[in-house]
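Protein chains: 2
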Amino acid sequence: MPVFLDTTSPEFEAAFQTLLSAKREDSPDVDAIVAQIIDDVRVRGDEAVIELTAKFDRLELTPDTLAFSAEEIDAAIAQVSDADRQALELAAERIRAYHEKQMPADHQWTDEAGATLGWRWSAVSAAGLYVPGGLASYPSSVLMNAIPANVAGVERLAIAVPTPDGQANPLVLLAARLSGVTTVYRIGGAQAIAALAYGTDTIAAVDKITGPGNAFVAAAKRRVFGKVGIDMIAGPSEILVIADKDNDPDWIALDLLSQAEHDESAQSILITDSAEFGRAVAQAVDKRLETLQRRAIAGASWRDFGAVITVGSLDEAASLSNRIAPEHLELCVADPVALSEKTIHAGAIFLGQYTPEAIGDYVGGPNHVLPTARSARFSSGLSVMDFLKRTTLSQMTPEALRAIGPAAEQLAQSESLEAHGLSVTARLKRLNG
Amino acid sequence: MPVFLDTTSPEFEAAFQTLLSAKREDSPDVDAIVAQIIDDVRVRGDEAVIELTAKFDRLELTPDTLAFSAEEIDAAIAQVSDADRQALELAAERIRAYHEKQMPADHQWTDEAGATLGWRWSAVSAAGLYVPGGLASYPSSVLMNAIPANVAGVERLAIAVPTPDGQANPLVLLAARLSGVTTVYRIGGAQAIAALAYGTDTIAAVDKITGPGNAFVAAAKRRVFGKVGIDMIAGPSEILVIADKDNDPDWIALDLLSQAEHDESAQSILITDSAEFGRAVAQAVDKRLETLQRRAIAGASWRDFGAVITVGSLDEAASLSNRIAPEHLELCVADPVALSEKTIHAGAIFLGQYTPEAIGDYVGGPNHVLPTARSARFSSGLSVMDFLKRTTLSQMTPEALRAIGPAAEQLAQSESLEAHGLSVTARLKRLNG
Numbered sequence: 021m022p023v024f025l026d027t028t029s030p031e032f033e034a035a036f037q038t039l040l041s042a043k044r045e046d047s048p049d050v051d052a053i054v055a056q057i058i059d060d061v062r063v064r065g066d067e068a069v070i071e072l073t074a075k076f077d078r079l080e081l082t083p084d085t086l087a088f089s090a091e092e093i094d095a096a097i098a099q100v101s102d103a104d105r106q107a108l109e110l111a112a113e114r115i116r117a118y119h120e121k122q123m124p125a126d127h128q129w130t131d132e133a134g135a136t137l138g139w140r141w142s143a144v145s146a147a148g149l150y151v152p153g154g155l156a157s158y159p160s161s162v163l164m165n166a167i168p169a170n171v172a173g174v175e176r177l178a179i180a181v182p183t184p185d186g187q188a189n190p191l192v193l194l195a196a197r198l199s200g201v202t203t204v205y206r207i208g209g210a211q212a213i214a215a216l217a218y219g220t221d222t223i224a225a226v227d228k229i230t231g232p233g234n235a236f237v238a239a240a241k242r243r244v245f246g247k248v249g250i251d252m253i254a255g256p257s258e259i260l261v262i263a264d265k266d267n268d269p270d271w272i273a274l275d276l277l278s279q280a281e282h283d284e285s286a287q288s289i290l291i292t293d294s295a296e297f298g299r300a301v302a303q304a305v306d307k308r309l310e311t312l313q314r315r316a317i318a319g320a321s322w323r324d325f326g327a328v329i330t331v332g333s334l335d336e337a338a339s340l341s342n343r344i345a346p347e348h349l350e351l352c353v354a355d356p357v358a359l360s361e362k363t364i365h366a367g368a369i370f371l372g373q374y375t376p377e378a379i380g381d382y383v384g385g386p387n388h389v390l391p392t393a394r395s396a397r398f399s400s401g402l403s404v405m406d407f408l409k410r411t412t413l414s415q416m417t418p419e420a421l422r423a424i425g426p427a428a429e430q431l432a433q434s435e436s437l438e439a440h441g442l443s444v445t446a447r448l449k450r451l452n453g
Numbered sequence: 021m022p023v024f025l026d027t028t029s030p031e032f033e034a035a036f037q038t039l040l041s042a043k044r045e046d047s048p049d050v051d052a053i054v055a056q057i058i059d060d061v062r063v064r065g066d067e068a069v070i071e072l073t074a075k076f077d078r079l080e081l082t083p084d085t086l087a088f089s090a091e092e093i094d095a096a097i098a099q100v101s102d103a104d105r106q107a108l109e110l111a112a113e114r115i116r117a118y119h120e121k122q123m124p125a126d127h128q129w130t131d132e133a134g135a136t137l138g139w140r141w142s143a144v145s146a147a148g149l150y151v152p153g154g155l156a157s158y159p160s161s162v163l164m165n166a167i168p169a170n171v172a173g174v175e176r177l178a179i180a181v182p183t184p185d186g187q188a189n190p191l192v193l194l195a196a197r198l199s200g201v202t203t204v205y206r207i208g209g210a211q212a213i214a215a216l217a218y219g220t221d222t223i224a225a226v227d228k229i230t231g232p233g234n235a236f237v238a239a240a241k242r243r244v245f246g247k248v249g250i251d252m253i254a255g256p257s258e259i260l261v262i263a264d265k266d267n268d269p270d271w272i273a274l275d276l277l278s279q280a281e282h283d284e285s286a287q288s289i290l291i292t293d294s295a296e297f298g299r300a301v302a303q304a305v306d307k308r309l310e311t312l313q314r315r316a317i318a319g320a321s322w323r324d325f326g327a328v329i330t331v332g333s334l335d336e337a338a339s340l341s342n343r344i345a346p347e348h349l350e351l352c353v354a355d356p357v358a359l360s361e362k363t364i365h366a367g368a369i370f371l372g373q374y375t376p377e378a379i380g381d382y383v384g385g386p387n388h389v390l391p392t393a394r395s396a397r398f399s400s401g402l403s404v405m406d407f408l409k410r411t412t413l414s415q416m417t418p419e420a421l422r423a424i425g426p427a428a429e430q431l432a433q434s435e436s437l438e439a440h441g442l443s444v445t446a447r448l449k450r451l452n453g
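Taken in order, these protein sequences are the chains called U and D.
Residue 453 is where the first sequence ends in the working numbering, and the numbering goes up by one at each step.
Residue 453 is where the second sequence ends in the working numbering, and the numbering goes up by one at each step.
Everything labelled a hint here was simulated from the structure, so no lab data went into it.
You may find that some hints are simply not true.
Which copy is meant is left open, because identical chains are indistinguishable; a pair holds if it fits in one copy or across any two.
Said to hold, decoys possible - Capping the alpha-carbon separation at 16 Å, the derived lysine to aspartate or glutamate pairs in EDC-like fashion look like this: (1) Lys-75 <-> Asp-60; (2) Lys-247 <-> Glu-45; (3) Lys-265 <-> Glu-296; (4) Lys-449 <-> Asp-270; (5) Lys-75 <-> Asp-185; (6) Lys-449 <-> Asp-268; (7) Lys-307 <-> Asp-268; (8) Lys-43 <-> Glu-284; (9) Lys-43 <-> Asp-324; (10) Lys-362 <-> Glu-336; (11) Lys-247 <-> Asp-59; (12) Lys-121 <-> Asp-131; (13) Lys-265 <-> Asp-293; (14) Lys-362 <-> Asp-335; (15) Lys-449 <-> Glu-419; (16) Lys-307 <-> Asp-270; (17) Lys-265 <-> Asp-355.
Using the sequences provided together with the hints, build the complete structure.
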């Protein structure tokens, strides 16, 4: 049974706090093992990567077969059904169109002092994308990670995807090709992250690593952060649906379940201004759980972390939503635009009853890599910005230096940084002398 | 003696590699102590913060005196000289003007499928800025951290600055006021980071923490990352100057020294196409080191990490610069704009001989918090973006769902996520039925 809360209850605040602080992530401490694997790859390079792949993925590789050949990729892609191919192509096209609009502009201007100032964006030279193997090997994640990098202009774009027992997912390889990926390595785990961060004889080091992974991958990303850039460390997924009574309970139930089926640690919350509608949705969830393929996972998530909250008004719903800061927020209400203006902290908002969150997972266009665990309070989903960096530009004329240089001299003196001041003084002396 | 390299030498590549990989940071392992301090503050709150401040800063506080009162700030600011005040005001004004131009725009559009897509930027609700105490308590750093937050629209902006033995820097307090800071706490170290991240009875928790600090502060920021957002973990500062022979060697020497005087671990590198000019600069450095106030620090940095590299052409200089990916890059050449188009990886570029890097530290306008240790390959300096997050927006009409929904169903099926598919199917059934 999920938890049922009502804001009019005197126990509400305590129960809501408990819900907010529930520890959903079960992260085993693998840091020591990961540190060892990274050191091993740094020292022995390809040899270590090949040994670890034989051990963990039961796959014998050589430096020549670490990456898929173009022919292997062609052969795998040839197996993809037309229906899958067309769906993936539509998704890729829509994701690309959305992310192309994100490209930020360079900017430069000259101010009254005569200083020319501005900034310039440029892409990281090389990025590595981690794609989990096995069950969670999602082609949609390849599109969501690789297309923003490709749109940003990243020249070299490598994927690492483990292929346990040699089993590769043809759709992952097709997604890689549709996204402009240059190389696909059949390696995984901490050894793949280490190889991408530090490079080996065969695997060139990259500047940025993104993509989801298990506890080993997450720990490895944390460890190589600084040497390379990383994206967020994603926690279990979550959805908050705010729905009034004028919705089909079954639709909302399916939206809650589409989050719950990801992971036993996923969290689905419904906020509604109708207690009766809340009960109807909970019944619809139970009904769907009778037959759902992933009912074991979805059922556990709903039982342990699900919640139905009844509020007195949609304003109250918005205020609770801002405290939850959900990864995904669905607004199934009469005026979703008005409500969205009050729900400030959220990774992605889906407006209206015809926008189930699953659309955003695949073909909407916006990215599905989003901030979890309340981090939407301070961070954003993946975007082209994650593969760009900004260089600031300044150019002084002699006049500009005369105008603002004395203030720099003064502040350098107050901070006791003499050479800072002298570097301005020496120039002003010549200009004024 | 700094190292002298010449790209025509057969030993160049090895020596340059050594220069690139020199470990300059001396980071003591304080992680266990920091973990203990954070736990203590989480459990005992104000009491722990007050005890630790008494211990480390020799300052007895109560919950009522954890923050400076408005009167205390007024009294401190009244001591600031007119010259200092005017310089700080000019700096604040110029930094604000630059960062206001960084504010990104919201964007929304409807595509051919009938889907309305877009994104919206919003500020984090509360930010905490760490300001070191003692020698490195720089008012300019307050401006550079707080003004972007204020421009972004952060509502609650707190500063933590330790005041050992009760000594506060009036210029830091003036900088805080000029930047729109709401509260200044006289606390420091890991206990200040813990209090800002988790909150105490007196100190409200924030969503994002930025600002430089010692090894304890850096380790604490790493530990609270996830609970709150943090900026980069800054390493020792560095400058690369690319200069041709038509420069005054003394000006360039002072620019190199203004980096070296920060820290014994700072690094100053000159790349020039004239070996003779390189020698002249090295001589000018030595001459200035005879009298410089901070000659002990600057001399050690120049001796241990300084370098003069002679190249055959400015193209070669650009290519080496991209491998170094410097925090600060000065282009003192005849056509700095042309050269800047080839120097892709750099935190900040200063163009022409009238733009010493010190201008950028104080009054140029761009931020002086910049990526160190080659991280300009994948990251950017501090900006208003660090205090904003992006929420993506999607709204489907029935027509849009009909157009793209089937592709989502297909992909959900290929990823074995049945509820994802059903959430679309249930809606399409009604729409098509």
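Verification of the hints:
1. Taking CA atoms no more than 16 Å apart as the test, Lys-75 paired with Asp-60 passes inside one copy only; the shortest distance there is 14 Å, against 42 Å between copies.
2. Proximity of Lys-247 and Glu-45 under a CA criterion of 16 Å is satisfied inter-copy only: 13 Å between copies versus 27 Å inside one chain copy.
3. With identical chains, the CA atoms of Lys-265 and Glu-296 are at most 16 Å apart within one copy only, with a shortest distance of 8 Å there and 81 Å across copies.
4. Taking the closest pair of Cα atoms, Lys-449 and Asp-270 come within 16 Å of each other only across two copies (12 Å); inside a single copy the shortest separation is 78 Å, beyond that limit.
5. With identical chains, the CA atoms of Lys-75 and Asp-185 are at most 16 Å apart within one copy only, with a shortest distance of 11 Å there and 58 Å across copies.
6. With identical chains, the CA atoms of Lys-449 and Asp-268 are at most 16 Å apart between copies only, with a shortest distance of 13 Å across copies and 77 Å within one.
7. Taking identical chains as interchangeable, the C-alpha atoms of Lys-307 and Asp-268 lie at most 16 Å apart only when both belong to the same chain, with a minimum of 14 Å there against 81 Å between chains.
8. Taking the closest pair of Cα atoms, Lys-43 and Glu-284 come within 16 Å of each other only inside a single copy of the chain (12 Å); across copies the shortest separation is 44 Å, beyond that limit.
9. When the C-alpha separation of Lys-43 and Asp-324 is checked against a cutoff of 16 Å, the pair qualifies only within one copy, where the shortest distance is 11 Å, while the shortest distance between copies is 48 Å.
10. Taking the closest pair of Cα atoms, Lys-362 and Glu-336 come within 16 Å of each other only inside a single copy of the chain (10 Å); across copies the shortest separation is 54 Å, beyond that limit.
11. Taking the closest pair of Cα atoms, Lys-247 and Asp-59 come within 16 Å of each other only inside a single copy of the chain (14 Å); across copies the shortest separation is 29 Å, beyond that limit.
12. In this assembly of identical chains, the alpha carbons of Lys-121 and Asp-131 lie at most 16 Å apart only when taken from different copies (12 Å versus 29 Å within one copy).
13. Only within a single protomer do Lys-265 and Asp-293 lie at most 16 Å apart by alpha-carbon distance; the minimum there is 7 Å, versus 74 Å between protomers.
14. Taking the shortest Cα distances, Lys-362 and Asp-335 sit within 16 Å of each other inside one copy (8 Å), while across copies they are farther apart (53 Å).
15. In the homo-oligomer, the alpha carbons of Lys-449 and Glu-419 lie at most 16 Å apart inside one protomer (13 Å), although the nearest pairing across protomers, at 71 Å, exceeds that limit.
16. Within a single copy, Lys-307 and Asp-270 get their C-alpha atoms as close as 9 Å, which meets the 16 Å cut-off; across copies the closest is 81 Å, which misses it.
17. Proximity of Lys-265 and Asp-355 under a CA criterion of 16 Å is satisfied intra-copy only: 13 Å inside one chain copy versus 67 Å between copies.
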